[in-house]
Amino acid sequence: MKWRSSDLKQYQNAKEYIDTVIIPIIPFQIDLEMLAFQSEVLTIFANEIEKELAGRVMLMPTYSYLKTVDPQSEINRINAWIANIKEQPFTNVFLLTFDANWKKNEKEVHGHLLWLPSVKSGNLQSNEMKAMIRDQTNQIIELIQVYW
Amino acid sequence: MSKEKQQVSRRQFLNYSLMGVGGFMAAGLLVSPIRMAIDPVLKKTAAGDYANAGISVDDITTEPQRVDWTIEQVDGWYQSKPSKTAWVYKDDNDEIVALSPICTHLGCVVSWEGNDQYPDQFFCPCHGGRYEKDGTNIPGTPPLAPLAVYEQKVENGILFLGNAISRKGA
Ligand code: FES
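Each protein sequence line maps, in turn, to chains A and B. Sequential numbering of the first sequence, starting at 1, is according to the UniProt record's numbering. Sequential numbering of the second sequence, starting at 1, is according to the UniProt record's numbering.
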């Protein structure tokens, strides 16, 4: 499910079944086309995963941050999100990102990092891209299930 | 004096016109649910809308296989191409069966033989829901209803699928 009013009603009624959250994490700098592209691809990934696992996973609003900002302050900020989410309670929090910088600080982040090797550019409608997304989605889903 | 009078009347005029706008907006809110119900442009799918599922009848076997296709959809805010999925196979009478993959528990996507422990069943990865090959939910697992069945037709040897029709619980 997603963070929208109709899904939240369903969530309230079936809380014990929905124990996992996915947060797409997207770096942002307005003139970098590559980041915009990655943001599009990551959004597609997040939606695909949500579609397959809609009954147990809630997709959060995208967490965005300035590319240039000091990593430590972002670690603190994302940990505040995670702490708040876990109060619900949610047991598993996954962070979905292309940004390898998170990988370096993985231990300090209080969620499971799903780091995807980045795509730099391409045509979102092409069959190769669709096949790639399909394939990666399946792998991520398998990985998530390992934690269940 | 007359100046002030003029000001007041201008303010009144403004007030009235603002109220007028508000009134229009309220009327819009009242009307829109009805409009949603009858305006054909806003309808999600018209009855009898079949889409090419992208598989030829000859390629359908007794083993369920997953087919994905996209449909054109207009829903008031967006025009989108949502993707759809079905599990398709031929049953013992050689009839084509197209099942919706959406778990009737909370909506995850089920897979044929998705768990090694349960061959010949559909398996839901989320809470272990299971279904027989014909889509009947297996008692004792979370789902309370069978998988929905797509309306279908065959044209020129190609499978076309329509709406998914839900069925009563086992
Ligand atoms: S969503 Fe399929 S078993 Fe719960």
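Treat the hints with caution; some may be incorrect.
[Stated by the list, open to error] Below, simulated DSBU-like cross-link-like pairs (lysine-lysine); rule was C-alpha separation at most 35 Å, straight line: (1) 15(A) with 120(A); (2) 133(B) with 2(A); (3) 81(B) with 51(A); (4) 84(B) with 9(A); (5) 81(B) with 67(A); (6) 153(B) with 15(A).
Calculated directly from the structure, the hints in this document are not laboratory data. None of these values were measured; they are calculated from a predicted model.
Outcome of the hint check:
1. 15(A) with 120(A): 38 Å, violated
2. 133(B) with 2(A): 30 Å, holds
3. 81(B) with 51(A): 15 Å, holds
4. 84(B) with 9(A): Satisfied, since the Cα-Cα distance of roughly 25 Å is no more than 35 Å.
5. 81(B) with 67(A): Given that 35 Å is the threshold and the Cα spacing comes to 32 Å, the pair holds.
6. 153(B) with 15(A): 39 Å, violated
Hints 1, 6 from the list above are not met by this structure, while the remaining hints are.
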